[in-house]
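Read off the chains here:
2 protein chains.
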Amino acid sequence: MTDVLDINVSKITASKLKHLRQEDLPFGKYFTDHMLEADFENGEWRNIEIKPYQPLLIEPSNSALHYGQAIFEGIKAFRNHDGEAYIFRPYENFIRFNLSAQRMCMPEVSEELFIEGMRRLIEIDKEWIPLKNDHSLYIRPLMFATDSALGVKPSETYKFLIMLSPVGPFHAVPMKIAVEEHYTRAAPGGVGFSKNAGNYGGSMLPAMLARKQGYDQVLWTDAFEHKWLQEVGMMNIGFIINGVFITPDLGDTILNGVTRSSVITILQDIGIKTEERRISIDEVVEAYNKGTLNEVFGMGTAAVISLIKELKYKNTVMHFDTSNFTTALKVKHKLNEIRHGLIKDKYGWMFKI
Amino acid sequence: MTDVLDINVSKITASKLKHLRQEDLPFGKYFTDHMLEADFENGEWRNIEIKPYQPLLIEPSNSALHYGQAIFEGIKAFRNHDGEAYIFRPYENFIRFNLSAQRMCMPEVSEELFIEGMRRLIEIDKEWIPLKNDHSLYIRPLMFATDSALGVKPSETYKFLIMLSPVGPFHAVPMKIAVEEHYTRAAPGGVGFSKNAGNYGGSMLPAMLARKQGYDQVLWTDAFEHKWLQEVGMMNIGFIINGVFITPDLGDTILNGVTRSSVITILQDIGIKTEERRISIDEVVEAYNKGTLNEVFGMGTAAVISLIKELKYKNTVMHFDTSNFTTALKVKHKLNEIRHGLIKDKYGWMFKI
Chain Z
19 MTDVLDINVS KITASKLKHL RQEDLPFGKY FTDHMLEADF ENGEWRNIEI
69 KPYQPLLIEP SNSALHYGQA IFEGIKAFRN HDGEAYIFRP YENFIRFNLS
119 AQRMCMPEVS EELFIEGMRR LIEIDKEWIP LKNDHSLYIR PLMFATDSAL
169 GVKPSETYKF LIMLSPVGPF HAVPMKIAVE EHYTRAAPGG VGFSKNAGNY
219 GGSMLPAMLA RKQGYDQVLW TDAFEHKWLQ EVGMMNIGFI INGVFITPDL
269 GDTILNGVTR SSVITILQDI GIKTEERRIS IDEVVEAYNK GTLNEVFGMG
319 TAAVISLIKE LKYKNTVMHF DTSNFTTALK VKHKLNEIRH GLIKDKYGWM
369 FKI
Chain H
19 MTDVLDINVS KITASKLKHL RQEDLPFGKY FTDHMLEADF ENGEWRNIEI
69 KPYQPLLIEP SNSALHYGQA IFEGIKAFRN HDGEAYIFRP YENFIRFNLS
119 AQRMCMPEVS EELFIEGMRR LIEIDKEWIP LKNDHSLYIR PLMFATDSAL
169 GVKPSETYKF LIMLSPVGPF HAVPMKIAVE EHYTRAAPGG VGFSKNAGNY
219 GGSMLPAMLA RKQGYDQVLW TDAFEHKWLQ EVGMMNIGFI INGVFITPDL
269 GDTILNGVTR SSVITILQDI GIKTEERRIS IDEVVEAYNK GTLNEVFGMG
319 TAAVISLIKE LKYKNTVMHF DTSNFTTALK VKHKLNEIRH GLIKDKYGWM
369 FKI
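Sequences listed follow chains Z and H, in order.
For any residue, its number in my numbering is found by taking its place in the first sequence, counting from 1, and adding 18.
For any residue, its number in my numbering is found by taking its place in the second sequence, counting from 1, and adding 18.
These are computed hints drawn from the structure, not numbers from a lab.
Computed from a predicted model, the values in this text were never measured in an experiment.
Cβ atoms here follow ideal geometry from the backbone N, Cα and C, with glycine treated the same way.
Where hints are given, some of them may not hold.
[As the list claims (entries may be wrong)] Just a sample of chain H residues kept apart from chain Z, beta carbon distances all over 10 Å, derived:
id	residue
1	Asn26
2	Lys36
3	Lys47
4	Asn65
5	Glu77
6	Gly86
7	His99
8	Glu129
9	Ala190
10	Ala241
11	Asp287
12	Phe338
[As the list claims (entries may be wrong)] Listed next, the stretches of chain H that the computed footprint assigns to chain Z, with coverage defined by at least 3 CB atoms under 8 Å from CB atoms of chain Z:
id	stretch
13	109–123
14	155–162
15	174–187
16	213–219
[As the list claims (entries may be wrong)] Here's a subset of chain H near chain Z, in silico, CB distances under 10 Å, partners left out:
id	residue
17	Phe45
18	Glu55
19	Ile66
20	Gln72
21	Gly92
22	Ser166
23	Glu198
24	Thr202
25	Met222
26	Pro224
27	Ala225
28	Phe242
29	His244
30	Ala320
31	His337
If we strip away everything but chain Z, and leave its shape as in the complex, we get (with noise of 0.2 Å):
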């Protein structure tokens, strides 16, 4: 595949790998020596180059800034002992890309433009890859649209940029969460499963309100009832109850997870029963009262697992004792082997730069 893609290549003089200090790397605060950049002009996708990272020079009247055709993903990349690295389940978020860019009008990027142009990139840049446990080089690939004038109408023009960022662990204290009553991130036929910017900026009030009242994020409901659970904004949620993982099924208004998806596949080849289905607040809060919820969790790739000590819906607080969440903790474990290559990657999950 690496001929196939016509990429201009032009280095940095000197790395700033240097001045980087590999105990303090906050997410997506600090990026690698390079970039990769694609034009998307009169139907084709053209221009494609790494280069330094760099600003960008836009209109005033860059159609995405006004009418938020602007789509993202999130990766992450990891460098075994031996110097190898590898890239997670990176296929899932090319189809997961390209289902962004239908629904938002937004053309749709080549499996070659969208893998090997990263991985091209990466190997460029492959000793910014932290080596240290729960470290990573997070990837961001990202579209957005560049025509500059005012009618309201799907842009002519795009870019397509994949940045790197060096990532040091999450700090995975357990979270509390508060169940969303008013606000809405997503209705049916909306573009909730779509990862576009929008959806992002639309979460921002709701999550501070929360944080306002000593919570971290919220759990969101669906849009009629503010029953039925969806995720957690940048988390998809699961629940063990009765020893069942249980999560909700992903219709379009939930993003379809990479991580959801591997816990899954990893639950269901440890022996536990995974259901994908609607499940309501009322549920959960039935199943806490009957002493039958054993665990709640988030899955997200930032975080991989987030565990939950506390949800909070109306008047009733649910308190869990994470240090009893044995099967969360389980596939977090084997999630962190797998990416790290200390076990035998089963189910071809890394893609080798």
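Keeping the supplied structure of chain Z fixed, place chain H upon it in accordance with the hints.
Frame of chain Z; chain H shown alone:
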């Protein structure tokens, strides 16, 4: 108010105006010589300047492109033959802009920055306001996040811009509209009332699918039953049934249109009963079948009043003879007379520059 706002003005050396072909002014394609720019940092708006219209340098990790904190407004300015220039109801847009900002967790702008900044900018580029009938200067305030880190949270820095675009007449041919039965623009608790970028990107696919079936736009319906009418994406919708004007009440799913509000005021003034309330497509079809559906039209800043000649819902196609739309045309005429200074501005809508 002029002295309150400290604006640094740097003017172009040679105006582009002489190159502008006044007979060809597509919506939002050409921009005037100058723009206003301000930065939000450390909790306040700073670096307010009017400067030559030019591209911006932004980081690849710009948080508006990734997480959608971006809002805008659309306003029009007019010039009469005495050379006086006026902005149409800018305070309404100022209020709405700050409501949009609140919902998107963005800082508000002051009246000085928004109104006085706009006034000063237009004063400088006053010669760009077209004199011809149905022409105007379209004013586009924009605010977007400028933090450059990938953690999902409200940005701490923002840019506020005002750009100006001379526009010709919106080709006001009567429209064909399809009632949306699957896709959703906005649900209660969401961001439908907020003029943020994401609302527009999410609307493009349904609009494109409608165009493929020969319709100009979709009429959005509620997310639950796809039955209660909302808006037409870039316009509010109004019906005259049995001589009474009916437009959907706003709630939090519908944009609070300034043209909509102006139309209601004028209609009441000329003795037509107006109702802002829930209206279902079933009521519209029933009125059509009974022969009591007199007029259907859209209301928005770009097109002012757009007559609708066809409305499709499922297998029902409703045809209208728009030459009978006397009320819509009367209101449009009155609005245009006010905007172009041809009749007395009894409502105090015209803000003198």
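Going through the hints against the structure:
Here H:Asn26 stays apart from chain Z, with its beta-carbon at least about 17 Å from theirs, past the 10 Å limit. At roughly 21 Å from the closest C-beta of chain Z, the C-beta of H:Lys36 stays outside 10 Å, upholding its exclusion from the interface. At roughly 5 Å from the closest C-beta of chain Z, the C-beta of H:Lys47 falls inside 10 Å, breaking its exclusion from the interface. Chain Z leaves H:Asn65 outside its interface by the beta-carbon criterion, the shortest separation being 15 Å against a cut-off of 10 Å.
A Cβ of chain Z approaches the Cβ of H:Glu77 within 10 Å, the least distance being about 5 Å, so the stated non-interface status is violated. Against the 10 Å criterion, H:Gly86 falls within the reach of chain Z, whose nearest CB is about 3 Å from its own CB. No beta-carbon of chain Z comes within 10 Å of the beta-carbon of H:His99; the shortest separation is about 27 Å. No beta-carbon of chain Z is positioned within 10 Å of the beta-carbon of H:Glu129; the least distance is around 22 Å.
Distance to chain Z confirms H:Ala190 as a non-interface residue, since its nearest Cβ pair spans about 15 Å, more than 10 Å. Listed as outside the interface, H:Ala241 is inconsistent with that label: its C-beta sits roughly 4 Å from the nearest C-beta of chain Z, within the 10 Å cut-off. At roughly 31 Å, the least C-beta separation between H:Asp287 and chain Z is larger than 10 Å, which holds for a residue marked as non-interface. Look at H:Phe338: its CB is around 24 Å from the nearest CB on chain Z, clear of 10 Å, so calling it non-interface holds up.
Interface restraint, the stretch 109–123 of chain H with chain Z: holds (4 residues with C-beta to C-beta distance below 8 Å; minimum three). A stretch counts as covered by a chain when three or more of its residues have a beta carbon under 8 Å from one of that chain; for the stretch 155–162 of chain H and chain Z the count is 4, and the coverage holds. Only residues whose C-beta sits within less than 8 Å of a C-beta in chain Z count toward coverage, and the stretch 174–187 of chain H has 3 of them, enough to reach three; the restraint holds. Against chain Z, the stretch 213–219 of chain H contributes 6 residues with a C-beta closer than 8 Å to a partner C-beta. That satisfies the three-residue criterion, and the hint holds.
Interface hint at H:Phe45: satisfied, since its Cβ lies 5 Å from the closest Cβ of chain Z, which is below the 10 Å cut-off. Contact between H:Glu55 and chain Z, as hinted, is supported at the beta carbon level, the nearest pair being about 8 Å apart and thus within 10 Å. Interface hint at H:Ile66: violated, since its Cβ lies 15 Å from the closest Cβ of chain Z, which is beyond the 10 Å cut-off. A cut of 10 Å between beta carbons decides the hint on H:Gln72: the least distance to chain Z is about 8 Å, and the hint holds.
Here the hint on H:Gly92 is kept, as its CB sits about 8 Å from the closest CB of chain Z, short of 10 Å. Interface hint at H:Ser166: satisfied, since its Cβ lies 9 Å from the closest Cβ of chain Z, which is below the 10 Å cut-off. Interface hint at H:Glu198: satisfied, since its Cβ lies 8 Å from the closest Cβ of chain Z, which is below the 10 Å cut-off. With its C-beta approaching chain Z no nearer than about 4 Å, H:Thr202 sits inside the 10 Å limit, and its interface hint holds.
For H:Met222, the suggested interface contact is upheld, since its CB lies about 4 Å from the closest CB of chain Z, less than 10 Å. For H:Pro224, the shortest C-beta to C-beta distance to chain Z is roughly 8 Å, which falls under 10 Å, so the interface hint holds. Taken as an interface hint, H:Ala225 checks out: its beta carbon lies about 8 Å from the nearest beta carbon of chain Z, inside 10 Å. Among the interface hints, the one on H:Phe242 holds; its C-beta lies about 5 Å from the nearest C-beta in chain Z, closer than the 10 Å criterion.
The beta carbon of H:His244 comes within 8 Å of a beta carbon in chain Z, closer than 10 Å, and the hint placing it at the interface holds. Because the closest C-beta pair between H:Ala320 and chain Z is about 9 Å apart, less than 10 Å, the hint holds. Interface hint status for H:His337: violated, as the beta-carbon distance to the closest one in chain Z is roughly 26 Å, over 10 Å.
In terms of the numbered hints stated before, the structure departs from hints 3, 5, 6, 10, 19 and 31, listed from lowest to highest.
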